[in-house]
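A.B. asks: Residue numbers (the working numbering), protein chains in the order written: chain A, 1 to 163; chain B, 1 to 122; chain C, 1 to 653.
Check each hint, because a few of them may be wrong.
[Claimed, not checked] For lysine-lysine, the following PhoX-like pairs were computed, each having C-alpha atoms within a straight-line distance of at most 25 Å:
no., chain 1, residue 1, chain 2, residue 2
1, C, LYS203, B, LYS119
2, B, LYS106, C, LYS188
3, A, LYS36, C, LYS620
4, C, LYS620, A, LYS40
5, A, LYS36, C, LYS285
6, B, LYS119, C, LYS240
It is worth saying that the hints were derived from the structure and are not from the lab.
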Amino acid sequence: MYNKDKKEKINNVNDKQYLTFKIANENYGLELTQAKEIIKPPKVTNVPNTEESIQGVINLRGQVIPVIDMITKLGLNEKEKEGYKNEKRIVVINIKEILIGLYVDNVKEVVKLSDNEIEDVQETKKGIRQEYIKGVSTTSDSLIIIIDLDNLLFSNKQKKKGA
Amino acid sequence: MINLSNILVVDDAAFMRLNLKNILGEFGHEVVGEAENGKQAVEKYRDLEPDLVTLDITMPEMDGIEAAAKLKEIDKDVKMIMCSAMGQQAMVIKAIEAGAKDFIVKPFNKDRIKEAIEKALA
Amino acid sequence: MSDNDQYLDMFFAEARDYIQMLNDNILQLEENPENKEVINSLFRAAHSLKGMSATMGFNTLTELTHKLENMMDKIRNGEIVVDTEIIDLLFAGIDHIENIVAQIKENGNEDIDIDGFLKQLEKQISVAKNRKPEEKEEKPAELGLELSSEEIENIRENKKELDTVYQIKVLLADETEFKQARASMIFKSASELGYIVKSEPKKEEIAEVELENNKIKIILVSSQTEEDIQAEIMNITDIKEVKIEEIKLPEKEEGDKKDSGESKNMTNSFEVSSTVRVDINKLDKLMNMIGELLINKTRLQALNIKSDGFKEVLPQLDRVTMDLHHTVMQIRMEPVGVMFNRFPRMIRDLAKEEGKEIDFIMKGKETELDRSIIDELGDPMTHLLRNAVDHGIEKPAEREEKGKDSEGTINLSAYQKGSEIIIEVKDDGSGINIDKVVQKALTKEVVSKNEIEEMDRHEKLQLLFEPGISTKEEVSDVSGRGVGMDVVKRTIASLDGEIFIESKADKGTKFRISLPLTLAIQEALMVKINDEIFAIPLNAISETLKIKTEEIKQVKGSDVIVLREKTIPLIDSRESLNLDIDYGQYKDKKEIPIVIVKSGAKEIGLIVDELLYQQEIVIKSLSNYLNNVPNISGATIIGDGEVALILDVRDIA
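Looking at chain A on its own, in the form it has when it is part of the complex:
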């Protein structure tokens, strides 16, 4: 049960915390447990012969990790890439024991959502592939699109690119 007006919510066993961030003017979220840290983007070294959405690699305290350009990965409109220059961040996630950086426009806050606050979606805006999305939350001020990282990162890879 929730009440839109109240800030307080009844703590539910199924409540999970989500890290929210902005990509191309939309809010997205992922389970906080998957996020390891948030850093200001250092110089990203381009890796040739890799997918379009792989921006390159960075040095994370001695480890070399790949950085995914989320706008490209989600298939969003490129024009939206502008803006938020100083706020751009890389969210480092740990998935299947691999560290991967997600390049986002800015990072917002951590919100608590219970399972029943996340609705399934039949079709989404901007044509994002359905399997990439776990659901959508309409609580709080705006729509938060909850990302399914597993499917996003590990389903068939797209065509390769040059540098």
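Here the structure of chain A is known, so what remains is to put chains B and C in place on it, guided by the hints.
C.D. replies: Showing chains B and C alone in chain A's frame:
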């Protein structure tokens, strides 16, 4: 020729120290100091500079093996005899490797003590 | 880790060494059935294994080793004569020991039924001639410790002019309290008088092993006199008897064929210097830390701080880091002999099975390689050697028909060449049938007829490494089993190495494996391509140069240059990297920097934008998320903390 010497007795039990002191006295050696643990042993060794040290193995604060090693550091010619109980053989071996010259096993046999002291001082 | 685990680990490590020693010695015994030294070695090894097993409570193993020890004892005193049946029995015994140890390791129990074998052993032991049972009393004539030829060599090298080698036997009084502590006092006393070459029990084992019959045996090298040593040791309380005698070292003799090339590092030699066993995970951690240190040192250097103090400290830091790196590298290095050692036995068994006569010669066992590489090499090497026995060497009759010696030879050698380690497997057998290989390749559609026409002999041979090409019609149990030549090549490639074949019909085959000396830290040339910095491993580079556009020639429509009469094809690095820019831009420049790299067996001129500097780089793997990026083998972190990619030029042609 028997050497009569100054000895430092180290054992956490006062009874054992007294016992050993008496035996050593019988042979003409002088117990110039006593210590209840390894730490005290090291301090007293520095002050008294005895000819020989008897070291119990299990003591609080610093055991006999550690004390043996420390004493060896202070004086590489230190003469030490370990006083051990049954079942402490492994520790005696460690103490010997740390520099102890010999060992005697409780309950003490007077002749053995005499022999060990003489050999150590030779 | 619980105490028990530590003992277990030690047990497994020691057991492995003893098993190896037993195998080696039985092989020697097979050649020299009368060699007393070998027999004694075998006895002692079985004895030690028995002791260890009993201590750990492994009853089956204890019983087995005990029976083997009995057998060795009987062989020692002549009651059992060594013949092929005995040798086979001994080998079988070792195999059983290995199986039981493996069972304990994997399943924590000894559930292996060796009753049948134990009965066999028992039969042999009791059938032995019944001699007069000897009194088990202490006779002065009792055997002392024997010295192996390595130990004798060791002594010869280290002893001074006036030193004497003594055999010392000390007997403790029966009523001695703390016998092992007395023994440690004896060792202490002895080491103050000279140096202990060998002892029974061993110095390190003093606390664990019980004294046999209250006796301690020591071989001591000392400048003191016999009387002095005797007096010193007799002086220790509870010593009943001390016997000393001088040992005269035998005359230096020619090593026999089996000894040629054997190194001082054989696992069954007692080393005079002390060693420690190190957990390989700890070594890996150490290497990683040094890698980090190196990166940070490089970054510090790049900061270029203008301070005298800084300029002074930096070269020191550099030197220390490099020394540290080299030392740890050396710790990680192990002689290949460790892996090679199991091959003589394997080849002997295989040859016997196939009815072939084979002389197996190993050379360069002391050549050192990084531990992790040695682990991975085991399987490919085994496969190559099995192939040599199975497909290479022909049966004696066939060999004689060809006019060859009925005994075939297989050579396994290892040596260092520059910054690489080379391992060769050579046989004088039937050679590889190139036509058959080509046929198979065509049938399996690995290559097309046209491609075959373009290939030279060497390239055709390399087809053997393609999956599915096995020229023997039946996949024989010996070398089949899914470990194909393609897996061999892949394993070696994963170690950054390469493998080449040479073969001549009826003359033989040679496999040559080259491996880089170090994996994690390498010298590299930094270059700039399209404003990004890349690293090219130095061991892949033949040379670098700058050429003028006019020097570029055209052959079959491709750009080449001619360098000292060699024609070298040119490749634009942008093309290899699939960069989204026009290729061929280099033609507009006045001077074109070229890096001549070794790609497979060829040389290619790689055109880059700028040649920067040479640097030691720490190789970092590219994330698992990026699988197999073509032409990129890894990454490294350069001065400003950024990532630079490492070019893999092997397939760049």
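A.B. asks: Could you grab the alpha-carbon distance between LYS203 of chain C and LYS119 of chain B and see if it respects the 25 Å cut-off?
C.D. replies: Holds, because 24 Å separates the two Cα atoms, which is no more than 25 Å.
A.B. asks: Would the hint linking LYS119 of chain B and LYS240 of chain C be met if the CA-CA limit is 25 Å?
C.D. replies: 16 Å, holds
A.B. asks: Decide if the proposed pair is consistent with the structure: LYS36 of chain A and LYS285 of chain C, CA atoms, cutoff 25 Å inclusive.
C.D. replies: 23 Å, holds
A.B. asks: Take the C-alpha atoms of LYS620 of chain C and LYS40 of chain A, compute the straight-line distance between them, and say whether it is at most 25 Å.
C.D. replies: Holds - the C-alpha atoms of LYS40 of chain A and LYS620 of chain C are around 22 Å apart, at most 25 Å.
A.B. asks: Just to be careful, I want the Cα atoms of LYS106 of chain B and LYS188 of chain C compared with a cutoff of 25 Å; is the pair within it?
C.D. replies: Satisfied, since the Cα-Cα distance of roughly 23 Å is no more than 25 Å.
A.B. asks: Are the Cα positions of LYS36 of chain A and LYS620 of chain C separated by 25 Å at most?
C.D. replies: Given that 25 Å is the threshold and the Cα spacing comes to 21 Å, the pair holds.
The structure fails none of the hints (numbered hints given earlier).
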